[in-house]
Every structure is written in C-alpha cells, then in structure tokens.
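Order-wise, the sequence lines are chains H, C, S and U. The working numbering puts the first residue of the first sequence at 32, with every later residue one more than the last. The working numbering puts the first residue of the second sequence at 32, with every later residue one more than the last. The working numbering puts the first residue of the third sequence at 32, with every later residue one more than the last. The working numbering puts the first residue of the fourth sequence at 32, with every later residue one more than the last.
One thing to keep in mind: the hints can contain errors.
[As the list claims (entries may be wrong)] Covered stretches of chain U (chain C as the covering partner; in silico rule of three or more C-beta atoms under 8 angstroms from a C-beta of chain C):
hint: 1; stretch: 155-168
hint: 2; stretch: 248-259
[What the hints assert, rightly or not] Straight line, CA to CA, 25 angstroms or less: simulated BS3-like cross-link-like pairs of lysine-lysine:
hint: 3; chain 1: H; residue 1: 253; chain 2: S; residue 2: 75
hint: 4; chain 1: H; residue 1: 33; chain 2: C; residue 2: 165
hint: 5; chain 1: C; residue 1: 165; chain 2: U; residue 2: 253
hint: 6; chain 1: U; residue 1: 165; chain 2: C; residue 2: 253
hint: 7; chain 1: S; residue 1: 75; chain 2: U; residue 2: 33
hint: 8; chain 1: C; residue 1: 253; chain 2: U; residue 2: 33
hint: 9; chain 1: H; residue 1: 38; chain 2: H; residue 2: 299
For the record, the hints were derived by calculation from the structure and aren't laboratory data. Beta carbons are placed, not taken as given, at the ideal position from N, Cα and C, and that holds for glycine.
There are 4 protein chains.
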Amino acid sequence: MKNYSFKNDYSEGCHPNILDALVRTNLDQQNGYGYDDYSEEARKLIHQKINNPDADIHFVSGGTQANLLVISSILRPHESVISAETGHIFTNETGAIEATGHKVHGVPTNDGKLKPEHVQAVLDIHTNKPHQVKQKLVYISNSTEVGTIYSRAELQELSAFCKDNGLYLFLDGARLGQALTSEMNDLTLEDIANFTDVFYLGGTKNGALLGEAIVIMNDRLKEEFGFHIKQKGAMLAKGRLLGIQFLELMKNDLYMDLARHSNIQAMKIKAALKQKGSKFLSETFTNQIFPILDQHQIKKLEEHFDFYVWKKIDEDRSAIRLITSWATSDEVVDRFIKEVQSL
Amino acid sequence: MKNYSFKNDYSEGCHPNILDALVRTNLDQQNGYGYDDYSEEARKLIHQKINNPDADIHFVSGGTQANLLVISSILRPHESVISAETGHIFTNETGAIEATGHKVHGVPTNDGKLKPEHVQAVLDIHTNKPHQVKQKLVYISNSTEVGTIYSRAELQELSAFCKDNGLYLFLDGARLGQALTSEMNDLTLEDIANFTDVFYLGGTKNGALLGEAIVIMNDRLKEEFGFHIKQKGAMLAKGRLLGIQFLELMKNDLYMDLARHSNIQAMKIKAALKQKGSKFLSETFTNQIFPILDQHQIKKLEEHFDFYVWKKIDEDRSAIRLITSWATSDEVVDRFIKEVQSL
Amino acid sequence: MKNYSFKNDYSEGCHPNILDALVRTNLDQQNGYGYDDYSEEARKLIHQKINNPDADIHFVSGGTQANLLVISSILRPHESVISAETGHIFTNETGAIEATGHKVHGVPTNDGKLKPEHVQAVLDIHTNKPHQVKQKLVYISNSTEVGTIYSRAELQELSAFCKDNGLYLFLDGARLGQALTSEMNDLTLEDIANFTDVFYLGGTKNGALLGEAIVIMNDRLKEEFGFHIKQKGAMLAKGRLLGIQFLELMKNDLYMDLARHSNIQAMKIKAALKQKGSKFLSETFTNQIFPILDQHQIKKLEEHFDFYVWKKIDEDRSAIRLITSWATSDEVVDRFIKEVQSL
Amino acid sequence: MKNYSFKNDYSEGCHPNILDALVRTNLDQQNGYGYDDYSEEARKLIHQKINNPDADIHFVSGGTQANLLVISSILRPHESVISAETGHIFTNETGAIEATGHKVHGVPTNDGKLKPEHVQAVLDIHTNKPHQVKQKLVYISNSTEVGTIYSRAELQELSAFCKDNGLYLFLDGARLGQALTSEMNDLTLEDIANFTDVFYLGGTKNGALLGEAIVIMNDRLKEEFGFHIKQKGAMLAKGRLLGIQFLELMKNDLYMDLARHSNIQAMKIKAALKQKGSKFLSETFTNQIFPILDQHQIKKLEEHFDFYVWKKIDEDRSAIRLITSWATSDEVVDRFIKEVQSL
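Could you build the full structure based on these sequences and the hints that come with them?
And the structure:
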C-alpha cells in the first residue's frame, strides 16, 4: 500500500462535483476560447462574490502562466516588478518573468509578506533615471509561499502605499482560498478585489484539475488582455473545461469550504505536534505547516507518510513541510496524529 | 433547440473513455508535473507506436503553447523559422513566435504544404550574413490548416532537404490523427517520427479536453526541455490530467479511430454535396471541407446548422467551412445530407 | 592604387567640419549621456528646421538601433508593425524587431513605397481578434531602400490613413537628406515632422562618423524614451560625439548640402549612362542608381571601380548598384563617366 | 570659469592620437561593419598582447551594449547569470539583461568582487529542476564598480570554480586598463584572457570617444557572434571609427599608459587626503576614490570642483566619489591637493 503523501495539495484529481459537471455537460456544444456558457456563469458568480460586475475575468491553466501573463501585459519594456525573495515569481518559475523581458526585484522578508518599507527600500536605490530600471508593479501572494497570510490592515496599508507611489498591486492567489478561510484571517474576497489592481483565485491547489481565475479590477489593465492570453499559449480551445470547474467551485461556496477543510486538517496536525512539544519553523494558520523534528521522528513518520524535509536546523533536527488539501480525509489525519502521539 | 455546429472540432467535451478514467483515478495520489504513472504509461504507448523508445515525450495544454515552446527552445536568438503563409504560427497565434524573439518567414503556397522549393526560395534571399536573419527551422502542419495532407514522398523529400541544409523539421500535428487516417494517406506515425526532428500529436482537436503530446526525436533538441515548459507557464501541476487523456487515446488505437470517424463524416457530406453539383474551394480528404454554395443555399443550411462562411467567391457564391469531429454523429450527418439534397 | 568604391555611402570617415569640431572641443568637459551643450544646441537647430520646439530629440549610433528602439518603445507585446518587403527592418536587420518581440508584416510593393492600400490589405486579413496579432505601427523609409522617394501627396495620404486607422507612422530617414534634396522632391523637413509620429535624420549615410537623430513628434510616444535608449545599449557615455556631429551638420544647412551633392553626383552618372543607351532597374532620383549593363561592360568598369552586381537580368545582363556620397568628388565622377563613354 | 569635474572618466573627448588618426585616415575608403583595415590591425595587436591569435575580437560602442550582447548570445532561454549586487548589469543598465530574457542573480559582497562561495551560494538554492532557473554564466568586473581589483589568485580560483561547475566566466573590462595598471595588480592581460571565456577591453573610460573590444576566448562562444551584433543594433556601418581608436590605443601601450596615468592622479589625491587624516569608504588603488569628508570640507571643495556625494555616513560626514581620467592634468591635481591641504 502506498504511503499517503503530504507533499503538496495537487496530488489528487478534483472535487467530485467537477467530475459530475464534466460528465453532465460533455456533449453540449459550446463556443471555444472562454466564450462558453459555463465560463460566463462562473464569471457572474465571481462578480457577485467580489460585489463588482465590472471586473474582467479570465480563466487560465496555472499559476506561472497567470503570473507571466498578468505581469507582461502590464509592464512596458523598462519597467520592473517587486517581490519577496520567497515569491513564486522570484524563485520558482524558471525565470518566467525575466523571459518576458522584466526584472524581478527580490526582497528579503521574515515571513514572506511585503510591507511598504520593503518596497520603499527598492525604490530608494533606484533613483538614477534612466540608468536604472523603473519599478511599476508590486507582486504579493496570499497565502504566501511560506504559509502566512496578510491581515486586512497590512493589505490596506500596502495598497495605499502602492497608489501613492504609482505602483500597481498584483496578488497571486494560488492559495487564496486557504488565506481567506484561515482562522486568523480578517479579509474578505471583496477586500482582495478592492485593495488590488489585479489578482487571481487559484483552482489547481483547491480542488480543480487545473485553472486560475484572473480578476482585473483596474480599468487600465483590462484593455486587450485576450491578445496576451492567446500570444502566451494560454488560451484553451475548450475553455469550457475551466469555466465548468470555476462554476462548480463558486456555487454554494464550495471553493471556500474546500480551502477551509484543508486548513482545518493542517491545524489538527499542528495541534497534535504542539501537544507533543514540537517547535515550528514558522507559525502558520493555513494548509502548510513546518514542524521541526529529530531524525528519528522523521524516519518513523516516513514509514507511512510522504513529505518534504524542508530545512536542516542542526545536526539532529530538520523542519519538514506538511501540506493538506481539500482531499485530505479525517481518517488520514487521525492516522497521522496517532503516529505523532506514538513518537 | 440549438443548431448543430460544424464550426470546429472542439465544441464538445471529450471522449467518454477519458471521463471514465478521470473518475476512476480521481483519488489516487500521484506525482505532479508529468511524473505521474499515467503519463509514464502514455509515453510508453507512444514509444511503441513510433517504434522508438528513445524519443522524449512531453504533454502540454494546447497547440500555440506547443509551437512556441518547441520553437523557442530550439532557436538561438538570431535564427528564424519558415512556415507556409497559412501556417498556424504565421497567422493565427497573435505573434506568439515573434514574442519569443524569432522571425517567422511566411511562404505563399497553393495548398498549405511546404515543398523544398519554397524553403529554398527563402534561403536564396537570405545570403547576406550577418545582416539577415539565419533560417534554422522548417514548420509544417499535417493535416494542414486548409485540410490537405502530405504524402509519404513529399514528407520524405522535405525531410531530406532540411537535413541537407542544416535545418530542423518540426511538424505541428494538431490534426495529425485526421491526416494519418485520411483515405489518401500513405504515411504512418512511425514515418512521421522518422522524418521529423520534433512533432506533436494533437489531443484537443481529437477527443481530449485539452492536450498535445510533443515528441522529440532529435537528441540535440531534447536537452533540458523541461525548463522551457516550466518557464513558458506550460507545466501543469496535475500533469496526470494530460497523462490520463493520452493514455486513453493511445489504448486500442482510440486516437486513430476518433480521427477516422471525423474524416468519414466529412467525406459523407462531401459526397452528398458533390452529387448535388457543388464545387469546393480545395479538394480535401480530412475533416475539413470547403464547399462553394450560393447565398440562398447558405441561408437555408444556416437555419439548422452553424458553420463559418469562409471566403467570398463572387457576388452570389461563397465557400463555407464545415468541420466534423469525433463527436459528429451519424444522425447529424444524415440530417445535414437531407438538407443538402433538398437544396 | 585602390579602385574607387561606389558600394555604399559610408566608405569614408566624415565631413571635415566634424573633425574640426571634434578637435576644437576635445578637452572641454561635458556631461555625459546626451546632456552636453553640443547635443542641446543641435536639438535647438533641429527644432528650428522642423518649426516645432516641442519635439523630443535623441541621438543614437545607427539605423538598426534607431529602428528597434523606436518600435519596441511604442508597441505593446501583442502589437505588430507593417513594412514594405524591401524595408530595412523586414529584411536587413537580422530579425532585430522580432528579437524585441514584435511581428513585422512584409508587404510586396513595386517601388519600395507603402501606400494606404498596402496597409489596408494587411488589416483586412487580421480581423480575427484576439487570435491574430494587432497592427499598430506603419514603418516607411524615405528615400526608400531602392532609392525612390515619397511625394508630398503620397506621404500626406498615408499619414491621414494611419490616423484614421489608429496606426502610428514611423519614417526611417537613414537617407532622409537624399530624399529631401532629390530633384523630384516636394517635401520639406517640416512636412516630414508633421506627417509622422516619429522619424529620424540619418547621419551615418550623410557625412557623419555615426549617428541618427530620432525626432518624436507624438506626445504619447515621448514618455520615458531615455529608459529604452539605456536598456537597449544605445546610450553613449560620451553623447557629445553625436551632439557635435549633428550640430555641425545642422549648421548652415550642411546636412542638405551634402545630401544634394551625393544626389547630383549620381544624376551625372545616370545621365551619362542614359546617353550611352543604358536601361535602369528602376528610375531613381537620389544617390542610388541601378543601371543594367552587359557582362563585358561590367567587367570593364570593375577594372577601376568597385560596386555591387545587384540583380541578374538575363544571361548577358545584370543591374549594378552605384551609390554616391557626400565624399564622391567631381574628379571621380568624371573618370567614371569617361569610362562609361568609352564602353 | 567652469569647475573641474571629477564626476567621471568620460567628460572629455579622446586622446589626441585618436583625433590625429581620424584626420589622417578620413578619406581613405574602407569596408564597413568591422572589415576595415584598421579594425584588422587593431585585432592583431590585441592578439599579440593576449598571446593568442585565435581569439575572436569584436568592437562595439559601449559597455551596456557589450554586456547584453555577450550574455544574450551565450545563454539559452532558461539560463541565468550571476553578478555582484554592485555589478553594472545588476543595477545600472535599466534591466538590459532581463530585457533579453535572462535573470540576473545579484549577490551581496563587501568589495564588489565575486568569490567562489558567492557563486556556490546561488547554486545551492537553485537545485529544484526544472522549476528554477539554471545558472550558466558568472559576470565580474575588473576593476569593479567600486574601484577594487581582482588579484591573480582570486581570478584563477574563480575561473577554476566556474570550469568545475559548468559555468562560463565573463569579465566586464570597462575599466580593465585601470585594474591592470593599479599599483596592487599582479594580473596581465594574457592572464585575463586565459582565465575567462570572454571579456572586454573598455575604451570609453580610457581615452576613446567610444568603444569596447570584446574578446572571445572560448571556441563555443565564437560561433555566429556577428549575427548578434547586427541584431542588437550594435554593428556600426563605419566600423573604422572603432578600429582606428583601438589601433591607436593598442600601439606602444598607449592604453595602459592612459590608465596608469588616471590611477596615479587618483593616488596622489588619495595620499594628500590621507595625510590630512581622511578616512575612505573603501580602500581602492585605481582611478576611483571614496574619501569621507565633513559637510564643511565638501562645501569648500565644491566651490572649485565637481564630484558626486556618494553616501551619507552620519549627520556630519559623507563619502564623496572622485574619478580621475587619462585627461586629468597634473595642474588640476595640484590645485585639488592644495585645496585639500587648506581644509
């Protein structure tokens, strides 16, 4: 029997509602390229949830694709984007943004979150015009790549700072559901829309087979976006595949329910580890946790579960990364907790 | 009741075997990024069909993506690609290839097919080195964008010409199934592999939800291709979605069966139109036909069927484009033929 | 003794006035990057000549550099440029424009000149949005690469067409002096400025060591151009070198005098050839002529002069290309004419 | 009377020998694009000085141009370059390298010099293939942007490290003369050639009007470099302008003499400041010095001299930057020293 894997939140297929919808709609003929009825309905539901019918919404296949599309469509050739050093675009996309011609400034942070002072520090060392690249865009992720989330106050402050400095704010929401359903969260999806110029809702890491929903709030960024989607190879002929999935996820708050479930499963494991005395690399309240264990404990857990050993702490101890998903069952969590208790 | 649409071959979802497999495998945990078991099995089946276990096989989402990925991974910055003017990369991809930095030379042809003399003509006017771009790649489609196919002799000759001139040959197989199951075809999939440096098998237009299988034959083009997939935003976290589909399509020759079906449906309609005295814009033997009809006939057919009016011929007549697919039923074809007979 | 070369108009150094100025100003300390006094004065003289003090003027090293800079600064990623097939950017710049990400549409013409109908023809086959690239810029050269020139009516008409169709008009003036001093010309430099959004005055082919003066008329294209110059490696630390040269060329109409001289020398040779009965590949009135000679005549002339054999006409005859320059002396022209007369 | 400027080493024109040569050769007809006799002779002299007749040598206009040309010609799309954070390509070229599609990793250093451990640290955090960009090139400057130089041992060690790790080593020699004639230097030009895959000799900052000589040592990097020069707009029609200058600079070691002169002038000023008790931001032995002065002293010096206030040290003191050049006369240095002594 295979070990259960906590390596990531995209090990399984998709939520059954999506499969049902695919089966149900399969032979219905639809327009291609995102002009199908399902995509239209999904857009309407998102419009309702952000309380803004004017946002432009485009469905694409994945996060790197969404990031490079949005950023390259916004920036002129001499403009750059600011990211945390842990930001997906800075370190985990094989130079995808630079491949479209733009510098990414990586900023060291404690917790994966950009604050106005981080951005200001980049601006401060780029005043020698036109010999230095011009900053025009701030990229953040919520939840971040290290599992942390922005508070309402933090996002509001960063948003205001960007406006004051002529910078656009782009939020990577590959795990936005997890952020907004975290027990520590005080942001709504409507807030996310209001505080950013453009953001996306991640489907791949929250129960879809694939797909991210790019939501463009700022009118200036809406113009002719479809050309960019096509040019970057991101326009699916059968756009219905994305529309159907987001339609199902948006119905009855399934999207948030799945994310909340993944958070809860992680928090149960976290509680068990804490009870056992474990420390953590960082305190997170979403579906990623980074407990510090000794080699013996790690070996023991590896007998029945797969996960990444994330960072060596000292000779004896390492932090591991555990990620739960919409599909992580109570039974698996209970088994893992039992193993923890027996360590 | 909606009209039946002959507008394209991607109006429906996917073949039921694929949906069954998605349901069956849904909760099986798998590695991401194309390292899942299904992708591995699908690769093995393709290896068998091309009779070459050394080819590198990568699954990506769509045709434009496959084209820009392959071409940009091969060419150095000063190199260019030669295509028919009807070639998808020349005219229908929003400048996707140029966006990666490379010129596409468009060559006028009668039938959408490149011959050695077409390529030679481009080479002949680019001898002023280094003031002119250097040609390094020849791009063809089979079946072509206008529904025609290459004969074995034609492909062999073009392949030899490319080798003699230090050019790579890349075959866009968005509709390769239709080409290889055309009644006029004398090529095998193994031939395709042997005569090209790289090609792909299209899934989107032949019964998959999405997906193209890039097959790299030339060892020099294999190196580090995965980096390019990731950088261009083409690497799906749940690569299983592509693997499962190609696994189903490759089993028991389903891929060829679906393509053959789409060809047969088109040929039945063609025969009916011929019997009725229709001329055609070009003589095709795949799933695209271009009959020339008068305005009255077109209006009549439009009452029950959707299709594109493709090209004005004279005051009274236009060519229309009819595309059939794996999902075009006998019942629909019969209905259409009845309409034709009553014109 | 070396043969005199009619191969091009950049075989010699520069006009002596420029050398004198370089010597005279050599140890005067100046700001770098185009902020020197000479560049400022040169800009003022150009402002006077185009009768518009608001134009932005930037000096760069060469024509390909000017072309790629201007075009890439204007276009968004999904936009393209239309050029004659003989246009320098289409065929003689090693894919420089495509290397910045943009498609160049090459249009066949009789005489190297774009007319509204040529542009309209490109627009007509690019209506399938967003699947096709969007045309945004029209590129022309005056004089053209084949020695022809635009009349005032032609340029005005093209300019109006571009405005009506939301297209920018960019004029490559590598040989603008020759165009404006041609005996057939009815355009002024002020007209050029008024009819285009951006153009440049070529120095390299008209008596400078190097340098082109980019003149931006359209306010929307002026913004932050300096960043592009720097990013593309086109910003000279000692911008004075360009400023000094254009200052000398603009003083007392030296620029036009040099161009007129080159035209006159070519016309004298043309007259002698006509008298001798020669035909020409095309009728030109600038410093490039394309007489058709037989092999014996060509051999004879090659004994004392260098030039390109441009195009084979038939078994016995070829067109040659003769280019005169600011430095082509009366003595050389007389010698050449004597040779012609003795053929 | 204008203040004398110590702001940079490109405030004046060029060494008189160059002007003499330009005048002397002005009307001699030459081939374009770097195929002139002067460029050929200059190449021969460089071949002699590096003791290697097989190096490929190309002359281009400036440093940013040389950097973007070399780097973009070497790297495949998924490859990146490592630089010190102070490196010109990382911070002072308006994103020129990223504009060609490649990530630049900026590494913090104490003194502007890259050591193997700096490079190793970048490699260590980029092991997740193919999700992270692949490092392929190391970029260093000598002298560095902060005036420091590499010792023979340091360069040898870095060179060996690069070879061991499959990395190319590229040396930006915008101020290579100053490095090699520093009193602390133990490297020869031949060493530079042997320890790098490609480097360039800067002319612009050492007595030329413009120009850098790119020297390609590694055979694999030589192929078809001319195409890249043309494509990036860096090929001068009158390549003679660059050839003549490097010919003059290479004759009789003028290049090294000019650089040594600039160093000596800086060292005289440094000695005077030291005697006066000044501290320095960093200890340099080339033509850039960074003395720390109080506001009163800075004000006083600014009455007669121009320079940049480089970095605030505390409420009262700032480091200033003084740069001397081939053209900084003894008289000016004496005047400055007198001012220093009177502070």
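Here's how the hints hold up against the structure:
| no. | hint | result |
| --- | --- | --- |
| 1 | 155-168 | holds (count 5) |
| 2 | 248-259 | holds (count 4) |
| 3 | H:253 to S:75 | violated, 40 angstroms |
| 4 | H:33 to C:165 | violated, 52 angstroms |
| 5 | C:165 to U:253 | holds, 16 angstroms |
| 6 | U:165 to C:253 | holds, 16 angstroms |
| 7 | S:75 to U:33 | holds, 23 angstroms |
| 8 | C:253 to U:33 | violated, 63 angstroms |
| 9 | H:38 to H:299 | holds, 17 angstroms |
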